[in-house]
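Colleague: Below, each chain spelled out in residue letters.
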Amino acid sequence: MFQNTSMSQKTLLNATEIHIALHRLACQLIEKHDTFSNTVLIGIQPRGIFLAKRLKELLESEYKIKNILLGQLDITFYRDDFRRSDKPFQANQTTIDFVVENKNVVFIDDVLYTGRSIRSALTAIQSFGRPLEIELLTLIDRRFSRHLPIQPDYRGRQVDAIGDEKVKVCWKENEGEDAVYLVKS
Amino acid sequence: MSELSVNHLLGIKYITEADIQLIFETADQFKEVINRPIKKVPSLRDITIANLFFENSTRTRLSFELAEKRLSADTVNFSAASSSVKKGETLVDTVNNILSMKVDMVVMRHPNPGAGIYLSKHIGASIVNAGDGAHEHPTQALLDSYSIREKLGDVAGKKVVIVGDILHSRVALSNIFALQKLGATVKVCGPKTLIPKHIESLGVTYEPHLEKALNWCDVANMLRVQNERMDISYFPSTREYTQQFGLNKKILDNLNKEIVVMHPGPINRGVEITSDVADSKQSIILNQVENGVAVRMAVLYLLASKIQRNEN
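Protein chains in written order, with full-length UniProt numbering: chain A, 1 to 185; chain B, 1 to 312.
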C-alpha cells in the first residue's frame, strides 16, 4: 500500500439536490406501496438507517402516511468477507419489532456498490420470516461496480465511480450537513 | 476498538477492560439473535471447533455447543472418559491429533490449572478455556458480569460478595478479575478454611459473617461447595455450613435493601441456597444461563475473526 498525501473531493449532490431526491424517492414509494398497509421499511446498518429515518419522516409529515413500520437490520454476522477483510467489523443493533412474514419489504441503504451487503441482508432478513417481496432503495447507485446480480428498484442518483474513488454520504443529523461527495484518494 | 487484544481466551487476567466491553457489546447483538424466530447466523460456517472436556460438565458444555451451533460452526466433541487419554496419551499429543483433522478452535476444560496456557504455547489453534482446575473459568465470569450489567445497568461502582468455597473455585478467581477490571468492589465470604491465604493481595476483603456481607453488597454470588475437589474436611458438616453460610428467604427478607442473587450452578439446593431464594424474583440464575450462550457466541465470534487475518 502506498501512502496518500493528497485527497480531493467533488460534490455529487448538495443539500437541495438531496432534498429533491428524497421527495422523488418518497413519491415513487407511494406510487408502488400506496398507504404502506402491507409494507415495511428496513434500514441497513450502519449507514442506511439515516436515509430510512429521513424517508419515514418525509412520508409521514409531507405525504400524511401514518404508521409506517421501520426496522433496522445489521448484517455483520451474515457478511461473506468475515475473516477476509483487513479490519474487523463491529456489530450494530438490529431492531425489527414486527413480523416480516408476507410483507412487502423495502431495504434502504445509502450507497449500492458491490451488492454484497444487500446479499447479506437478503440472508439476514430470512431470520425474521418470509417476506412477500423485497425491493431495494439506495440514494447512490455506483454503476459498473457490482460483484453480484443485484440492482436497485429506486435510486436517488446513479454515479460512475472507479477504482479507489469513494462515495461519502453525509447527513445533517450525523455529519452536520446533507451532502454526497466523491472522494479521490 | 473492535478487536480483542488476545488470540486465546485463557483467563480474565490476560484480557483488558476494553476486551470485556467489546465482548459485552457483541453479546448484546447475539442476545437479540438468540431471541429471534430463527436463532442462527452463518458467521462461523467455515470454522471447526473441538470441544475437549477432560473433566465433567453439563451446562458449560451445552452452552458452548449451543453457541457454536447458533454461529453455524462445525463441532466435534471429545470427553476424556471415553478416549485414548486413558491409554496414556499426553495432552499435546491428543490435541495435535485432533488438530490434524483441521480444527480451527479448541474449547477446553481440564482438571489441571494452566492446561490452556500450556497448550497455547504448543499448538496453533485458538483456545478458549472452559475451566482449568481451580485456576480460571473466564466465560463464566464474563456471563456473570454481563448479567449484573443487564440487571443493574452497569458493573462499575457495584459491590459484589462471593460466598462459599473460594479456595477450590475457578469461578471465584475469574469473577474477582472481571469485576475489578470493570470497576466493582469485591468481598469474599465463607469458612476461613475455604478462603485462600493472601486473598487480600488480589485487592478483595474477607468478611466471615454472611449477614454483614449481604448487608454491604448489591449482588451476592453464591458458590457451590466443591466436595469433589476436597481431599480433606474443610468444615465439620454440611449442616453447619448451611447454618452459617447458606442463604435463605429469612436472611434475604431481613436485609436493609433488595440484593441480586446469583449462582453459577449446579445448585445444591438447601446447602448454599434454599429453593425459595433460588426461585425468587431477586435471583437471576436462569438469566445467567441464557446470557451464557450470548456471551460465548461473542467470545467465539471475536476470536474467530482473528484467525484468518493472522494467517494472512
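One or more of the hints may lead you astray.
What the hints assert, rightly or not - Below 16 angstroms or equal to it, Euclidean Cα-Cα: the simulated EDC-like pairs (lysine to aspartate or glutamate) are:
#1 B/121 <-> B/150
#2 A/87 <-> B/150
#3 B/306 <-> A/34
#4 A/166 <-> A/133
#5 B/159 <-> B/93
#6 A/172 <-> A/81
#7 A/184 <-> A/153
#8 B/31 <-> A/81
#9 B/281 <-> B/93
To be verified - If the Cβ cut is set under 7 angstroms, some of the chain B residues that face chain A in the computed set are:
#10 36
#11 42
#12 43
#13 238
#14 242
#15 244
Because the hints were derived from the structure by calculation, they are not lab data. None of the values given here were measured: they were computed from a predicted structure. Positions of the beta carbon are idealized from the N, C-alpha and C atoms, including for glycine.
Colleague: Decide, hint by hint, whether the structure agrees.
Modeller: Evaluation of the provided hints:
1. B/121 <-> B/150: violated (35 angstroms)
2. A/87 <-> B/150: This hinted pair is violated, its Cα atoms lying about 29 angstroms apart.
3. B/306 <-> A/34: violated (47 angstroms)
4. A/166 <-> A/133: Not OK: residue 166 of chain A and residue 133 of chain A at ~31 angstroms, beyond 16 angstroms, violated.
5. B/159 <-> B/93: Cα-Cα ~44 angstroms, so violated.
6. A/172 <-> A/81: Answer violated: residue 172 of chain A to residue 81 of chain A is near 31 angstroms, above 16 angstroms.
7. A/184 <-> A/153: Violated - the C-alpha atoms of residue 153 of chain A and residue 184 of chain A are around 28 angstroms apart, more than 16 angstroms.
8. B/31 <-> A/81: With a Cα-Cα distance of about 23 angstroms, the restraint between residue 31 of chain B and residue 81 of chain A is violated, given a limit of 16 angstroms.
9. B/281 <-> B/93: Violated, at about 48 angstroms.
10. 36: Holds. Min distance 5 angstroms.
11. 42: holds (6 angstroms)
12. 43: holds (5 angstroms)
13. 238: violated (46 angstroms)
14. 242: violated (44 angstroms)
15. 244: Since the shortest Cβ distance to chain A is 46 angstroms, the answer is violated.
In terms of the numbered hints stated before, the structure departs from hints 1, 2, 3, 4, 5, 6, 7, 8, 9, 13, 14 and 15, listed from lowest to highest.
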